[in-house]
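**Q** Taken in order, these protein sequences are the chains called C and H.
Residue numbers are given in my numbering: position 267 of the first sequence equals residue 267, and the series is strictly consecutive.
Residue numbers are given in my numbering: position 63 of the second sequence equals residue 396, and the series is strictly consecutive.
These aren't lab readings, by the way, just hints derived from the structure by calculation.
Ideal placement from N, C-alpha and C gives every residue a C-beta, glycine not left out.
If a hint is listed, it holds; no wrong ones were tucked in.
Distance ranges between label pairs, derived from CB positions: (1) C:E277 - H:E376: 49 to 55 Å; (2) C:S247 - H:I401: 31 to 37 Å; (3) H:D358 - C:R22: 27 to 33 Å; (4) H:D358 - C:S61: 39 to 45 Å; (5) C:Y81 - H:Q343: 20 to 26 Å; (6) C:Q307 - H:N345: 51 to 57 Å.
Quick partial rundown of chain C residues pointing at chain H, CB under 10 Å, derived from the structure: (7) T7; (8) N8; (9) P28; (10) Y32; (11) A83; (12) T87; (13) E259.
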Amino acid sequence: MSVEIKTNTVETLRHTYGNLQRRFGDKPASRYQEASYDIEATTNFHYRPLWDPQRQLNDPSRTAIRMVDWHAVTDPRQYFYGAYVQTRARMQEATEHAYSFCEKRGLLSRLPEALQQKILRCLVPLRHAEMGANMNNSGIAGDCIAGTMTQLHIYQAMDRLGIGQYLSRIGLLLGEGSGSALDQAKAYWMDDPIWQGLRRYVEDSLVIKDWFELALAQNLLLDGMSYPLMYQRFDQQLGEEGAADLSMLTEFMRDWYAESTRWVDAMLKVVLAESAENREQIQAWVDTWEPRAYAALQPLAEAATGQVALDEVRAALAARLHKLGLRRPGVAA
Amino acid sequence: MKQLAFIVFQDNDNARYLVDAITQDNPHAEVQYQPAMIRIQAEKRLEIRRATVEEMIGREWDVQEMLIDVISIGGNVAEDDDSFVLEWKN
Chain C
1 MSVEIKTNTV ETLRHTYGNL QRRFGDKPAS RYQEASYDIE ATTNFHYRPL
51 WDPQRQLNDP SRTAIRMVDW HAVTDPRQYF YGAYVQTRAR MQEATEHAYS
101 FCEKRGLLSR LPEALQQKIL RCLVPLRHAE MGANMNNSGI AGDCIAGTMT
151 QLHIYQAMDR LGIGQYLSRI GLLLGEGSGS ALDQAKAYWM DDPIWQGLRR
201 YVEDSLVIKD WFELALAQNL LLDGMSYPLM YQRFDQQLGE EGAADLSMLT
251 EFMRDWYAES TRWVDAMLKV VLAESAENRE QIQAWVDTWE PRAYAALQPL
301 AEAATGQVAL DEVRAALAAR LHKLGLRRPG VAA
Chain H
334 MKQLAFIVFQ DNDNARYLVD AITQDNPHAE VQYQPAMIRI QAEKRLEIRR
384 ATVEEMIGRE WDVQEMLIDV ISIGGNVAED DDSFVLEWKN
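All chains should be built: construct the whole structure from the sequences, respecting the hints.
**A** Here it is as structure tokens:
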């Protein structure tokens, strides 16, 4: 008896959901596409929200920026919930390892007193700025429309909360387990002159109504200077002064910043290319907030790294803006 | 006789990005969708570039990661950090 093995091919009738077929054609869609497009309701809102009765839910008019379809902005990292959580879990595993190593060996508590004080005064209070960044990005995620945009900002918000927690952990290590160092850091944030510029910027940003303006003020202009300043320049300087061990605890922030600039730039590129009106509006906001961010960081830079570092960081941001087709304020096109 | 360099992937979520990247870098390649697998073949030479794949999947990517999804290959392999090349050299 002979056995004949036959293969039978089953053709897929529909490769993906209808909404993605209409956008990209009938071919297998990526998980990112399936999880991100056309998720939010766009029509048939019965009631206006009590917190903003002039507008509908998911109303595109909450920003002055106009897009035919906000889904045009996509995440170059293609983060949807699964991919995002997996990536951060990997990063967190490495970071946890660094923290437990540092704690076990007492790497921070054996630093000279003056350096410990410097870290406590110049770095740990940033956790309050991270809290502001968390609230701002949650706010943007609430007000913006299209799933691709919402995702970017809510993940950003969660990342900022995580970074705030890591800074708190540094405070706890400095206080050797007690919260006294964190109380001290809070007192610096509230009263120390080096922090008042940044505190004012953060508190003012909390009440920006236009969510795209807020995205620029927070994720492009403030972070674009404060991250390179505090996590690269200040880190480098601490290393030279003998506190290189601290770099282990802030590596997450550097990796994260390099990653997050990619989507911020990708978002701006799409929105700037949409229309001349968008470009003008964004330039106007950059003109308002870039000098404010610079001024806010000046006293902190004075105490932490020196003015030169801040000026170099500002020049690097100007180059980044230039690449996007924007101008730094006060500089002709 | 035609000498075909080829690579065969399992038909899964990873492979789709790889196929997109390979067809972009090798316009002469032919893609065959078979049950549960995807075969990509090209005359003489087939190149998989890390930079292109990274652009497609939006993250850093190690060429070795690809091997998890590979079923079979044909051709002499030249592999480094930036690319994976299948080629018949004679």
